[in-house]
Every structure is written in C-alpha cells, then in structure tokens.
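Following the hints, put chain B in place on chain A, whose structure we already have.
Number of protein chains: 2
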Amino acid sequence: MISNKMQDYVKNSSAVRAMFEEGKKMAAIYGADKVYDFSLGNPNVAAPQAVKDAIMEILEEDAVEIHGYMNNSGYEDVRGRIADSINEKYHTYFNYTNIIMTVGAAGGLNVILKTLLDPKDEVIVFAPYFGEYRSYVNNYDGKLVTVSPKTTDFQPNLEEFKDKITKKTKAVIVNSPNNPTGVIYSEETIQKLSKILEDKQMEHGIQIYIISDEPYRELVYNNQKVPYLTKYYANTIVGYSYSKSLSLPGERIGYLVIPDEAEDSELLIAGANVANRILGFVNAPSLFQKVVAKCIDSKTDLSYYNRNRETLYQALVEYGYHCIKPDGAFYLFVRSPIADEKEFCEAAKEQHILVVPGSSFECPGYIRIAYCVAYETIVNALPGFKVLAQKYIES
Amino acid sequence: MISNKMQDYVKNSSAVRAMFEEGKKMAAIYGADKVYDFSLGNPNVAAPQAVKDAIMEILEEDAVEIHGYMNNSGYEDVRGRIADSINEKYHTYFNYTNIIMTVGAAGGLNVILKTLLDPKDEVIVFAPYFGEYRSYVNNYDGKLVTVSPKTTDFQPNLEEFKDKITKKTKAVIVNSPNNPTGVIYSEETIQKLSKILEDKQMEHGIQIYIISDEPYRELVYNNQKVPYLTKYYANTIVGYSYSKSLSLPGERIGYLVIPDEAEDSELLIAGANVANRILGFVNAPSLFQKVVAKCIDSKTDLSYYNRNRETLYQALVEYGYHCIKPDGAFYLFVRSPIADEKEFCEAAKEQHILVVPGSSFECPGYIRIAYCVAYETIVNALPGFKVLAQKYIES
Numbered sequence: 001m002i003s004n005k006m007q008d009y010v011k012n013s014s015a016v017r018a019m020f021e022e023g024k025k026m027a028a029i030y031g032a033d034k035v036y037d038f039s040l041g042n043p044n045v046a047a048p049q050a051v052k053d054a055i056m057e058i059l060e061e062d063a064v065e066i067h068g069y070m071n072n073s074g075y076e077d078v079r080g081r082i083a084d085s086i087n088e089k090y091h092t093y094f095n096y097t098n099i100i101m102t103v104g105a106a107g108g109l110n111v112i113l114k115t116l117l118d119p120k121d122e123v124i125v126f127a128p129y130f131g132e133y134r135s136y137v138n139n140y141d142g143k144l145v146t147v148s149p150k151t152t153d154f155q156p157n158l159e160e161f162k163d164k165i166t167k168k169t170k171a172v173i174v175n176s177p178n179n180p181t182g183v184i185y186s187e188e189t190i191q192k193l194s195k196i197l198e199d200k201q202m203e204h205g206i207q208i209y210i211i212s213d214e215p216y217r218e219l220v221y222n223n224q225k226v227p228y229l230t231k232y233y234a235n236t237i238v239g240y241s242y243s244k245s246l247s248l249p250g251e252r253i254g255y256l257v258i259p260d261e262a263e264d265s266e267l268l269i270a271g272a273n274v275a276n277r278i279l280g281f282v283n284a285p286s287l288f289q290k291v292v293a294k295c296i297d298s299k300t301d302l303s304y305y306n307r308n309r310e311t312l313y314q315a316l317v318e319y320g321y322h323c324i325k326p327d328g329a330f331y332l333f334v335r336s337p338i339a340d341e342k343e344f345c346e347a348a349k350e351q352h353i354l355v356v357p358g359s360s361f362e363c364p365g366y367i368r369i370a371y372c373v374a375y376e377t378i379v380n381a382l383p384g385f386k387v388l389a390q391k392y393i394e395s
Numbered sequence: 396m397i398s399n400k401m402q403d404y405v406k407n408s409s410a411v412r413a414m415f416e417e418g419k420k421m422a423a424i425y426g427a428d429k430v431y432d433f434s435l436g437n438p439n440v441a442a443p444q445a446v447k448d449a450i451m452e453i454l455e456e457d458a459v460e461i462h463g464y465m466n467n468s469g470y471e472d473v474r475g476r477i478a479d480s481i482n483e484k485y486h487t488y489f490n491y492t493n494i495i496m497t498v499g500a501a502g503g504l505n506v507i508l509k510t511l512l513d514p515k516d517e518v519i520v521f522a523p524y525f526g527e528y529r530s531y532v533n534n535y536d537g538k539l540v541t542v543s544p545k546t547t548d549f550q551p552n553l554e555e556f557k558d559k560i561t562k563k564t565k566a567v568i569v570n571s572p573n574n575p576t577g578v579i580y581s582e583e584t585i586q587k588l589s590k591i592l593e594d595k596q597m598e599h600g601i602q603i604y605i606i607s608d609e610p611y612r613e614l615v616y617n618n619q620k621v622p623y624l625t626k627y628y629a630n631t632i633v634g635y636s637y638s639k640s641l642s643l644p645g646e647r648i649g650y651l652v653i654p655d656e657a658e659d660s661e662l663l664i665a666g667a668n669v670a671n672r673i674l675g676f677v678n679a680p681s682l683f684q685k686v687v688a689k690c691i692d693s694k695t696d697l698s699y700y701n702r703n704r705e706t707l708y709q710a711l712v713e714y715g716y717h718c719i720k721p722d723g724a725f726y727l728f729v730r731s732p733i734a735d736e737k738e739f740c741e742a743a744k745e746q747h748i749l750v751v752p753g754s755s756f757e758c759p760g761y762i763r764i765a766y767c768v769a770y771e772t773i774v775n776a777l778p779g780f781k782v783l784a785q786k787y788i789e790s
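Protein sequence lines correspond, in order, to chains A and B. For the first sequence, position 316 matches number 316 in the numbering used here, and the numbering has no gaps at all. For the second sequence, position 26 matches number 421 in the numbering used here, and the numbering has no gaps at all.
There's no promise every hint is true.
As the list claims (entries may be wrong) - Taking lysine-lysine and the DSSO-like style, the derived pairs with C-alpha atoms no more than 30 Å apart in a straight line are:
#: 1; chain 1: A; residue 1: 120; chain 2: B; residue 2: 538
#: 2; chain 1: B; residue 1: 781; chain 2: A; residue 2: 52
#: 3; chain 1: B; residue 1: 515; chain 2: A; residue 2: 143
#: 4; chain 1: B; residue 1: 590; chain 2: A; residue 2: 167
#: 5; chain 1: B; residue 1: 562; chain 2: A; residue 2: 120
#: 6; chain 1: B; residue 1: 590; chain 2: B; residue 2: 563
#: 7; chain 1: A; residue 1: 89; chain 2: A; residue 2: 52
#: 8; chain 1: A; residue 1: 299; chain 2: B; residue 2: 447
#: 9; chain 1: B; residue 1: 515; chain 2: A; residue 2: 167
#: 10; chain 1: B; residue 1: 689; chain 2: A; residue 2: 294
#: 11; chain 1: B; residue 1: 447; chain 2: A; residue 2: 294
#: 12; chain 1: A; residue 1: 52; chain 2: B; residue 2: 419
#: 13; chain 1: A; residue 1: 120; chain 2: B; residue 2: 563
#: 14; chain 1: A; residue 1: 120; chain 2: A; residue 2: 89
#: 15; chain 1: B; residue 1: 447; chain 2: A; residue 2: 52
#: 16; chain 1: B; residue 1: 515; chain 2: B; residue 2: 545
#: 17; chain 1: A; residue 1: 24; chain 2: B; residue 2: 689
#: 18; chain 1: A; residue 1: 11; chain 2: B; residue 2: 563
#: 19; chain 1: B; residue 1: 406; chain 2: A; residue 2: 168
#: 20; chain 1: A; residue 1: 294; chain 2: B; residue 2: 419
#: 21; chain 1: B; residue 1: 538; chain 2: A; residue 2: 168
#: 22; chain 1: B; residue 1: 694; chain 2: B; residue 2: 420
#: 23; chain 1: A; residue 1: 11; chain 2: B; residue 2: 538
I should point out that these hints are in silico values taken from the structure, not numbers from a laboratory. The structure presented is a predicted model; accordingly, all values stated were derived computationally and were not measured.
Bound conformation, chain A alone:
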C-alpha cells in the first residue's frame, strides 16, 4: 500500500487527470482542431534556432565531458556565464558560486525548500498562486500560509500579509510575472513588501527569505520592467527556469541564485548543493547546461504570444468579460460570469473550450486561460466564448 500522504495526492490529481482524459476524448470525437485546450502552460512556440545550433556545436566537443558528472551545482563556466549575464542586465554582482544549476524551477524550489524548512516552518504565498507550491512545502513538512487575493489589481494584499507573518515564518514565495494572473508586481509593491519583511525580521529576531519564482521573467510585453528582487531585499533567493524563455519545458533546466548578501549564504549554498544531490536530481542535465550558456542572449518569439494576448483580450472584453490586461506570462485570469466558476468551466466544455477554475489557484470565481497555444486555436475558440458570454453575462 502506498503512503497516506500519497493516497491523498493520487485522489486529488485524478481530477486534473480526468480533465486531461476528457480533452483527449473530446479530441477523438470532434477532431483535435475542434477542441480548444487552454488548460496547460505548455509553450506552443518552438525553441529558437540557437538551441539547435548550440547542441550541434557542443556535440563536437569531448563526449565524456558533455554527458558526464560535474559538481552537483553544475559546470563552473556555465554558472559564471549566467552570473555575468544577470549582472549585465540588472547591475548585480554575482559570481559563479552564487548560481546553482537545477532541474527546472520546480527542482530549484524543492532544493531551496528542503534546505530551509524544519517541520512546521511557515511559508507564505499570495493567492492566486501556482497550486504546486502547496505540494512543494508539504514535501518538507512545512505549513503553507495563504494571503487572500486582492482582485482589484492582483498585486499582493500587503496589509493581510503583515498580519500573517509569525515567528515561524521562514519564507515567502513571490511569483512575478504571475501564474495565473500574468500580473507583474510593481516596484512599489516590492519596496513595501521588503520593508515589511525587514521590520518583521527585526521584531521577531529571525530570518525570512523571499523565494522569487521567475519562470516568466522574460515573458513581458510593452517593455515593462520586472524588478530584480535581490536588489530590494538581501534575503532573496531567485529560482529561474528556461522552460518558457527558451521553450524547453521538457528538458528540465534552470538555476537558483543565492546572493552573498543573504544571511548564512555559505550554509545556504552548501545546503542547496547537498539537497540537489540527495533529492535525486544529482545535477541539472549536463548537455542542456551547456546549451543555455551558449544561448544566453536568445529568447523565445514574444510577438507570437503577444498576438495571442491581444486577440484574445480584445475579444473577451468586447464580449463583456472582465479581465485585467496582464503585462507578462501567457495567462489571462478572467472573472467568471457566474459565481461558481467550476460550473462555468463545465459550460465551456460544451463549446469544446478547456480552461482551469480559479479555485485551483485558491481564487474561486475566476478562470485561467493559458494562451500559449496556436493562434488558430484562439481564433476558432472565440465564437464559443461569445456564446458563453451571451448566455451568462448580464447586459
């Protein structure tokens, strides 16, 4: 028999799985091009040509080195190249020692949570938030503490945040550009949030770390700025992934930044190195470490996502939906025309449209539309969204 914890997970995950299976079933009945699946954050844009070129180049090097073990934190030259690139972009002062290559951002988050958390330590998240955070914190017997959503602008609710910090608070997860809203937390937000944390650290005589989960950092429209959090708050650890910026989600490649300015940074770095090993990652995939170093200035095709964003947003607003126009990521977080958004998601299925209920992000009454799909999917789904609007939105 499997463990008690896992029995619960299996039960819950079967709901997501059911949706996935239903999508496949619908595709089989109506044809894949007649089912509009907006449920997954799986980029539909190919990796830039630079990725292929980099692989070809690297394959000419020594095969023992390309595919071999290295330090659990990754190749030093790769880490140095990444540190240089961050320094150049954000005027920081990182060294290769501050960078730890990880198996995607999900791997990085697990590594740093394993490093930080004693049982019952509290980790604060701002709703709406990526549901996996709960599992990651559970993995290390931490306690997830949720700050309720501020639906006016989906910036974090800082008043409530202040009240929820206790002596047991060990970390705060910040995710901007945000999944599921696409909102970028403003510089003002970050400054206030940092000030609150500094005061609370002092008040309780503890260290509270920001874990900045940044898979969408490069997915930003209209040249909006995403503040680099280590510059605002010393105890910041950054988790990054190339899943979206280079369209490599399946390759599981990312990194952690642990600045020297963070309290106990040497222990954090040594701990993360060990955690990477004992959690079974051992190291980030070796070939793709070398690939991302070579592609450091490449980026996925943002205009593709932007066209999707503009087309979908304009149409939805025209039909009467309420939605904040986001500046980043590839999600729209739309107010459900009816209070029970799960009921709306069911109705959407009748239009062959698959979207995720906001309650999956602890923000009921909303739905998430992942627009990282083919442009045709957007265009072909619009009539369905219109039908739903006519049926459910009071004019």
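For chain B alone, coordinates are given in the frame of chain A:
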C-alpha cells in the same frame, strides 16, 4: 538559518568535499597525470556514437515536441520501446504503463520511496551499500535498517536479514551488480531472499517491496547472468539508469518498472506519477528520453572496463592484497591491509592514490577502488599500490 537536518548533511558532506578538493590540490602540485583518482564512479568511457547519431536525427523532428512537456511518466512510445526491450531480454510481459521515465536511478529511487513510505517505515539494506540510500530514506522520514556484510563472498547475509524484518518493514533495497563490491547476487540468493519475503509477508499480513537498484545491470563480464527480480518476487520495483550503460551520468535519464503483478500496482503507478511531479522532477529530460529509445540496443564499451579490471585485479593479488574478483560494475572492494582502512586511505594519498574507505559503505576494513578511469591511470598507479603492499602487508 538552514534546517537542522540539512546542517548535519552539510557537515558530513564536507568530508567528501575535502577529499575532492585535496585531489584537485594534489593535481595542481604534482600534475593531473601524477594523481590517481579512483574515488568516483564517473565513467571515463565516451557515450557510444549511436547517442550522437540519435541526437542529430531527433533534432530534425518538431522542436515543440522534442523539448516539450509530456505526461509526467514520460513519452508513451519511449516507454513502450523500453518495455518491449525488457520483455525480449528477460521474457517478461511489461506494457508501456509499467514504465515510468525518471531523472536517473537516484530520481527513480526517490520517487518510489516517496510513494511508499510513511514516517518510521523501515527499509532494509545489505552492507556494504551505496551511502546515498540512507539520505533517500531519510528524505521521507523512513528508518534505514542495515544487515551486516558477509565478507566471505559479499552475498547478502540472509540469516540476519530474516531476523531484521518487522511489521514496519516496507521495502528492501537490492543492488546487484553491487556498488561497492562489484558482486552479482546469485540466482540462489535471489530465490532464498524472495522466499523469506514471501513468508514474512504472510506472517505479518503486510506487503514488502523489493526495490532493485540496477544502474550496473549491463556492466557484466564473462557473460554472467543477473537475475531479473520481477520474475522471482511479485512485489518488485526496478530502478534503472543509463548513466553507466550508455555513459550518460550527467544527463539524468533512467526509469522505474512497476509490474502489474505488484500488490496495489495501480496505486503505485499513479503515486509514482504524482511523486515525479511534486518532487520537482516533473518529467525525465525530454530529448534524452527519445535518445535512449533510439539507442536501446547500444552499449558502452565493456572491453575497456574489463581490461582495467583484469590489469588491476591481477596486480593487486600479486602484491598480496585480498579481494574478491567481481563479475560486474566497475569497482574492486579490497581488504585493507591494516584494520583502520581510513589510515590506509591516508597512506595511499602519499602515493597520490585516492580511494574511498569502506566505512562510507558501512563496511569498515575495506577500500573501494573505482576503476572506471583511463587505463594509464591504472598502470601508473600500480607502483604506488606495490609500495603500500610492501609496507603494510605481512608476508
């Protein structure tokens, strides 16, 4: 401050790190070719040409598919190809659903332990054993129970094993060909071990799973057979890695086999799928899933390791060392000429020879020599081994 558990790990890991740093320092002083590092199981043989060919072929396919997300358990066609290959070799009846692609064997072991273990559940290992098993079991608050080594032949001590099985026993880790001894557990051993487990399952009314950790399955000399454990004991889960068989340790690619015959197999499979996701692996690296499927019949150059094995073994025996000649893996486990093998390891360093003390594998009085090195390293290290023999072995 980092967690209490991790503080202990960081303390312990600094010893290994110290050795690694000392090796680098020695290399800087005496020259890398004058330092004989037998401490790491890092293959020195390049991946077969088929790996490079496979990558080139795959890169011609659709880039979104190559580098994208798939089911957390891996691509169905890859899993099917692997199931077919196991069936062909071992006359088993696996389907793609029985295969779960993992981030190496270390990832696979963590996935299955997370799936199985409730806190305080017991996992039995046979000394000498790979030290990381202790960390993996600790990750899920399990209790590692050690069976002491049988140094006459390094087959598991089954009498002691029987006595150590309790109502809390959830799993037994079997590792054959073995790290650190290179010994293959005989068919007789496997039959007896299975019988003991079946009796104990009945006696206690519980399920006990064998977790067969098999990164060295293909590294076997003189056509010795390695029994396929699912055929002897229904509750067997296999963990495999391509790290050694295709010399791809840095790429982190392997799989779990969960047979339909295992009790609660559906829950195990569903649980492993979820564990893969929530531990942050998400899925095994996508490109290399496709690579191993294309290279299913390729193998690393065994003759290379065999030459190392023969040369080193013959010389050591001639110098008076005691060692069982192993049939698999790329390790020799040699009796230390002096009782305190750590002292011997220190003395070896004076000869620029780096080896690992047996106490790292819970088998003091022995040293592990990893001969997955350049042939020249073996040849050039022999005079040092001879000096040590003359000094420490009584004639």
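> Given the proposed pairing of residue 299 of chain A with residue 447 of chain B, does the C-alpha separation stay at or below 30 Å?
Replying inline: Holds, because 26 Å separates the two Cα atoms, which is no more than 30 Å.
>> Just to be careful, I want the Cα atoms of residue 515 of chain B and residue 545 of chain B compared with a cutoff of 30 Å; is the pair within it?
In response: holds, 27 Å
>> Check the hint pairing residue 120 of chain A with residue 563 of chain B against an upper bound of 30 Å on the C-alpha distance.
In response: holds, 25 Å
> Quick one, are residue 447 of chain B and residue 294 of chain A close enough, alpha carbons at most 30 Å?
Replying inline: holds, 19 Å
> Are the Cα atoms of residue 11 of chain A and residue 563 of chain B separated by 30 Å or less?
Replying inline: holds, 25 Å
> Given the hinted pair residue 24 of chain A and residue 689 of chain B, is their alpha-carbon gap at most 30 Å?
Replying inline: holds, 27 Å
> When you check the alpha-carbon spacing of residue 694 of chain B and residue 420 of chain B, does it fall within 30 Å?
Replying inline: Violated. Residue 694 of chain B to residue 420 of chain B sits at ~35 Å, over the 30 Å cutoff.
>> Hinted pair, alpha-carbon criterion (30 Å max): residue 515 of chain B, residue 143 of chain A. Please report holds or violated.
In response: holds, 21 Å
>> What's the verdict on residue 689 of chain B and residue 294 of chain A, does the C-alpha distance respect the 30 Å limit or exceed it?
In response: holds, 26 Å
>> Next pair to validate is residue 120 of chain A with residue 89 of chain A; report whether the Cα-Cα distance is within 30 Å.
In response: violated, 37 Å
> Going straight from one Cα to the other, do residue 120 of chain A and residue 538 of chain B come out at no more than 30 Å?
Replying inline: Holds. Residue 120 of chain A to residue 538 of chain B sits at ~21 Å (cutoff 30 Å).
>> Please verify whether residue 590 of chain B and residue 563 of chain B have alpha carbons no more than 30 Å apart.
In response: holds, 19 Å
The structure is inconsistent with the numbered hints 2, 4, 12, 14 and 22, although it conforms to all the rest.
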